[in-house]
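Take these sequences, add in the hints, and give me the full structure.
Residue numbers (numbering that gives the first Met the number 0): 0 to 95.
Rather than coming from a laboratory, the hints here were simulated on the basis of the structure.
From a predicted model like this one, the values you see are computed outputs, not experimental measurements.
Every residue gets a Cβ at the ideal spot worked out from N, C-alpha and C, and that includes glycine.
Treat the hints with care, as some may be off.
What the hints assert, rightly or not - Simulated pairs of lysine to aspartate or glutamate, EDC-like, Cα-Cα distance not exceeding 16 Å:
| id | residue 1 | residue 2 |
| --- | --- | --- |
| 1 | 81 | 68 |
| 2 | 33 | 77 |
| 3 | 33 | 13 |
| 4 | 33 | 20 |
Stated by the list, open to error - Label-pair distances were calculated between CB atoms; the ranges are:
| id | residue 1 | residue 2 | range |
| --- | --- | --- | --- |
| 5 | 82 | 13 | 15 to 23 Å |
| 6 | 85 | 29 | 16 to 24 Å |
| 7 | 28 | 6 | 19 to 27 Å |
| 8 | 89 | 10 | 26 to 34 Å |
| 9 | 4 | 90 | 29 to 37 Å |
| 10 | 2 | 81 | 28 to 36 Å |
| 11 | 10 | 83 | 36 to 44 Å |
| 12 | 92 | 13 | 19 to 27 Å |
| 13 | 48 | 92 | 17 to 25 Å |
| 14 | 80 | 46 | 21 to 29 Å |
| 15 | 67 | 2 | 24 to 32 Å |
| 16 | 32 | 84 | 15 to 23 Å |
| 17 | 71 | 11 | 20 to 28 Å |
| 18 | 87 | 6 | 16 to 24 Å |
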Amino acid sequence: MRLRDNGPLMSVDEVRRVNWEYVGILRSGDGLRKALSLYEGVNTAVGTRESNAALVSYLTAYSALLRTESRGVHYRVDYPGKDAGWRRRIYLRVSP
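This is the structure:
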């Protein structure tokens, strides 16, 4: 992912609302894709509280979308079971 240094900032309250609605306790591929689409137009490069919250939330939603299983507190309604192939971590790199 590349940091986006233009576009509007999303308030921390709006980030919380998006996370609660789409990246919360019960997650689905459709909801995670919706959250990602909301975050993609947001400024994530200015280093403010708002841009940092949007960036971390984007990375969380992206990672959750990649993980097609349920494990621990990560529960995907569209993938309710564990998959032994997913017994690994997801690492992401953010570029300026």
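Structure-based check of each hint:
| no. | hint | in the structure |
| --- | --- | --- |
| 1 | 81 to 68 | 5 Å, holds |
| 2 | 33 to 77 | 15 Å, holds |
| 3 | 33 to 13 | 14 Å, holds |
| 4 | 33 to 20 | 10 Å, holds |
| 5 | 82 to 13: 15 to 23 Å | 33 Å, violated |
| 6 | 85 to 29: 16 to 24 Å | 20 Å, holds |
| 7 | 28 to 6: 19 to 27 Å | 25 Å, holds |
| 8 | 89 to 10: 26 to 34 Å | 27 Å, holds |
| 9 | 4 to 90: 29 to 37 Å | 23 Å, violated |
| 10 | 2 to 81: 28 to 36 Å | 33 Å, holds |
| 11 | 10 to 83: 36 to 44 Å | 41 Å, holds |
| 12 | 92 to 13: 19 to 27 Å | 26 Å, holds |
| 13 | 48 to 92: 17 to 25 Å | 23 Å, holds |
| 14 | 80 to 46: 21 to 29 Å | 40 Å, violated |
| 15 | 67 to 2: 24 to 32 Å | 27 Å, holds |
| 16 | 32 to 84: 15 to 23 Å | 22 Å, holds |
| 17 | 71 to 11: 20 to 28 Å | 26 Å, holds |
| 18 | 87 to 6: 16 to 24 Å | 33 Å, violated |
The structure fails to meet hints 5, 9, 14 and 18 from the earlier list, while all remaining hints are met.
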